[in-house]
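Participant: Sequence:
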Amino acid sequence: MTSKRVLVAYGTKHGATAGIASEIGRTLREDGLDAVVVPADDVNDVRGYDAVVLGGALYAGHWSGKAKRCVERNEHYLQHRPVYLFSSGPVDSSAEQHDIAPVPAVAREMERLGAREHITFGGSVTASTPGFIARAMVRAGKGGDFRNPERIRTWAHHISAELAAPH
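Residue numbers for the sequence shown follow UniProt numbering, so the first one is 1 and each next one is one higher.
Just so you know, these hints were derived from the structure itself, not from any lab. Some clues are possibly wrong.
Lysine-lysine pairs mimicking DSSO-like chemistry, simulated, CA-CA at most 30 Å apart [said to hold, decoys possible]: (1) K68 x K142; (2) K66 x K4; (3) K4 x K68; (4) K66 x K142.
Given the sequences, and given the hints that come with them, work out the whole structure.
Facilitator: See the structure below:
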C-alpha cells in the first residue's frame, strides 16, 4: 500500500507562509504521508497528488496573488481532490486568540474549489524580512513572529487524520 501524496504549496517566499508550509509538510511526513512542499509558482499540475494544502499571505485584506494564480491554473483538478487552505496573516496574536474568518478573496476560492477548510495562522515580519514596509514595521516596533508551531502541527495532524479516514 502506498501513502497518499499531498502537495503543500505556498504563495509567498518571505515572511511566515513558507515556514508554515514547511512545518505542515514535515508534520504530514511524520504522520506517514508523502508530502511535497513547493512554491505555488512551481505548481503546474496537481493531478499526481491525492490532496492539496495551499497557503498565501494576507496583506491589506488580500490573499497572495501567487496562490490565487495557482488555483486558476489548476482549478478543474483541485475540485476533484481534498483541498485545505491557510493564510499567514496578522502580525499580532489575534490568530491565536480566536479563529479568523477567511478574507473575501479566500472565501471565494474556498467556495469555487469546494475546499474542506481554511485556517489563519499568525504572520511574521522580522528584521530579516525583505522590503520597505517590513523594515518600517520593524523600526516602528510592530514586527514579530506570531506563528505558533504547535497550532500548525495540530492542524496538519488533523489533515492527516481526515485523509486516512475511509470515505
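Participant: Evaluate each hint against the coordinates.
Facilitator: Hint by hint, here is what the structure shows:
For the proposed pair K68 and K142, the alpha carbon gap of about 27 Å is at most 30 Å, so the pair holds. The straight-line distance between the Cα atoms of K66 and K4 is roughly 25 Å, inside the 30 Å bound, and the hint therefore holds. At most 30 Å may separate the alpha-carbon atoms for a hinted pair to count; K4 and K68 meet this at roughly 24 Å. About 25 Å separates the Cα atoms of K66 and K142, which keeps this hinted pair within 30 Å; it holds.
The structure fails none of the hints (numbered hints given earlier).
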